[in-house]
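The chain contents come next:
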Amino acid sequence: MAHNFAQAGKCLQIVNNMKFDFFQPTGQTTYAYNAIANTAKDFTIKETGSLIIVESYTQGWMGGSTGGCNSTIRWSSGSTGGILGRGSSSNGDGWSRSGDGGESNRSWSNGRIHCIDHGLTAGAVITIDLMFGAWSTTGSTVNYSVSYKSVMGWVASEFSRD
Amino acid sequence: MASTGRHLNIWGKRWGNVGKTGFEDTYSNTPGDQLFLGSSDNYAYYDCPGSEISFTTTITGGIYLLRCDVQSYLTSTGGGNGINYCFRFNGTQVGGTNGSSSAAGDTWQRGGHGDSDHVGCFSINRMYVVQPGLTAGTTVTANVMAGHWGSAELYHNYPNYATYSDFYIEEFAPL
Chain D
1 MAHNFAQAGK CLQIVNNMKF DFFQPTGQTT YAYNAIANTA KDFTIKETGS
51 LIIVESYTQG WMGGSTGGCN STIRWSSGST GGILGRGSSS NGDGWSRSGD
101 GGESNRSWSN GRIHCIDHGL TAGAVITIDL MFGAWSTTGS TVNYSVSYKS
151 VMGWVASEFS RD
Chain R
163 MASTGRHLNI WGKRWGNVGK TGFEDTYSNT PGDQLFLGSS DNYAYYDCPG
213 SEISFTTTIT GGIYLLRCDV QSYLTSTGGG NGINYCFRFN GTQVGGTNGS
263 SSAAGDTWQR GGHGDSDHVG CFSINRMYVV QPGLTAGTTV TANVMAGHWG
313 SAELYHNYPN YATYSDFYIE EFAPL
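Top to bottom, those sequences are chains D and R. So the first sequence is residues 1 to 162, counted in the working numbering. So the second sequence is residues 163 to 337, counted in the working numbering.
The hints are simulated quantities; they were obtained by calculation from the structure and are not laboratory data. Among the clues, some could well be false.
[Unchecked claim] No farther apart than 20 angstroms at their CA atoms in a straight line, the calculated lysine to any residue pairs in the SDA-like style are these:
# : chain 1 : residue 1 : chain 2 : residue 2
1 : R       : 182       : D       : 151
2 : R       : 182       : D       : 161
3 : D       : 41        : D       : 129
If we strip away everything but chain R, and leave its shape as in the complex, we get (with noise of 0.2 angstroms):
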C-alpha cells in the first residue's frame, strides 16, 4: 500500500435501524439499510444498502483510506461457514475476490468460520487503501460489501433492532 502526505478530507456514513445521533430512544426498522444474504448467495459479495458515500475528489493522485464497523449476524444455518465484508471504490469491488477458496476466491474467514453448530454474532472491522489515480474534481461513490461462503445465512444490521453501522473515507496528498 502507499505511503501518504498530508491528511485532507473525511466523509462519514452511518446506515441501519438508528439516526443520526446514533443513541435515539426508540429504532426504526429499515429495510433499505439492511441485508440478507441467503444460503444461495455464496461465494460473492454484495452491496450493503444505505452504505454509499460519495463525494469529490480535491486532488489529484489522492489516496483513500476506507474504514467501516459493520453490524453482523450469522444464523445457525450453514454449519460453521465464513463470512467476509470489503468495499466497491468507484465502481471497483477492493478487499475482498468472488469465489471459493479453491477457485482462487476469498477465504471467507474474517468471521463465523470454524463454529460447528452456530455462529451469532461477531464484530468486525475493514479498512483498505486504494490509490485509484483520479483527477481533482472527479465524482465517486464508495461503499461497503457483504459475502459469505457456503450454506451460511447472513443478516446485516439485523432486522427490528437499533442496529446500525459505520463507515468512513479519508482523502490523503500523495507524498
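Pulled out of the complex, with its shape left as it was, chain D reads as follows (with noise of 0.2 angstroms):
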C-alpha cells in the first residue's frame, strides 16, 4: 500500500556503521531474518518526528541452492520498531531480492533504501543494524568466507520535519 512520507527539510545528522566482516546466519530455512553481528550502532534523534532514510549495503555469496535471499535493517528504541522485511513464512517477505529462481553458485550484492518514520521524540536513543534472511537454503553466506570479507554497512541520515 502505498505511502508518501511527508515532507522534510535540512538533515540534522548523517551516522554509519561500516564493517568488514564475514557472516554466515544459522536458521536460514526458517524464513527469518537473523542479526548481522557486530552492524548495530547507536544514536540520538535530535529532533521529534524527524524522517530518517537509511541506505544499507550488503555482498555475499548464494552457493548450492536455488533459493533467494534478502538484506534489511532493524531499528528499535525501547519497545518501539522492529524488522523492515517480514521474515516469518513462507509467504512473508518472498527472499526475492538477489538470487531467487536463478542459478545457485553465484555473488550477489544488495543496495537497499529505507525511508523510517519512527515517531520518536527528540533525545530518544535509536539503534540500527543489519539484518540478513534466505529462503530455502543454508549456503547463503553474507561475504564467502572468513577469507573472503568486504566492507557492508548502512548510512542513516535524519532530515528536520520544521
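From these two lone chains plus the hints, build me the complex, please.
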C-alpha cells in the first residue's frame, strides 16, 4: 500500500556504521531474518518526529541452492521499531532481492533504501543494525568466508520536519 | 551533472504489499502497487504504479536527486534478456531511453542480462540528477519506470509476498 512520507527539510545528522567482516547465519531455512553481528550502532534523535532514511549495503555468496536471499535493516528504540521486511513464513518476504529463481553458486550485491517515520521524540536513543535472511537454502552467506570479507554497512540520515 | 548548493528538502515514498513501517506481520497484496511487463512490452519504459511523488518546488532553479530501491523478479522466459529502471520527472522520462540497443535505445543491462536459462530476482538501485529550471512554487510529479529487452517477463513488487520498494527525491539549491 503506497505511503507518502511527509516532506522533510534540512539534514540534521548523518550516522554510519561500516564493517569489514564475514557472516554466515544459522536458521536460513526458517524464512527468518538474522542480525548481522557487529553492525549495530546507537545514536540520538535530534528532532521529534523527524524523517530518517537509511541506505544499507551487503555483499555475499549464494551457494548450493536456488533459493533467494535478502538484506534489510532493523531499528529499535525501547519497545518501538522492528525489522523492515517480514521474515516469518514462506509467503512473507519472498526473499526476492537476490538470487531467487536463478542458479546457485553466484555472488550477489544488495543495496537497499529504507524510509523511516520513527515517531520518536528528540533525545531518544535509536539502534540500527543490518539483517540478513534467505529462503530454502543453508548455503547463502554474507561474504564468502573468513578469507573473503568485504565492507558492508549502513548510512542513516536524519531530516528535520520543521 | 550539476553540482549543487545546500540541501533543502526531501520527499520519500514506499509502495508495494506492505504498509508505511515495512514491518507489518502480514502482507496486503496490492495490485495497484505492482507492475508486470510481458514479452510484448519490450524496448520501452512503463510507469510503476504507486511510485508517484508529488511535491512543490521551494526554490527557483533547484536541482533534484532521484533515488530508488526497487524489487524486481525476472521470469525464466526470455533466455537472458535484461531489464532496467529509470524515472519520469515532471512529465519527462529521464535516465532511460526507449528502443533497442541497435536503434540507439537503452542497452537494458542493469539487471539480468546474460543469464542463458533463467534469472530470478536481483537488487537494483538507480539514481539520477535533474536540473529542470523550474520556478519556486511549481507542482511536480515524479515516478519510477521499469522496462526490459526482448521476450523477458518482469515483475515489479511481485504479487502475494511482502515485496515493496522505496523512492525519494532530494531538492538542492543551485550553486
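To see whether the hints hold, each was checked on the structure:
1. With a C-alpha separation of about 29 angstroms, the suggested pair residue 182(R) and residue 151(D) falls outside the 20 angstroms cut-off, and the hint is violated.
2. Restraint check for residue 182(R) and residue 161(D): the C-alpha separation of about 17 angstroms stays at or below 20 angstroms, so the hint holds.
3. Only pairs whose Cα atoms come within 20 angstroms are accepted, and residue 41(D) paired with residue 129(D) is accepted, the gap being roughly 7 angstroms.
Hint violations for this structure: number 1 only, all remaining hints satisfied.
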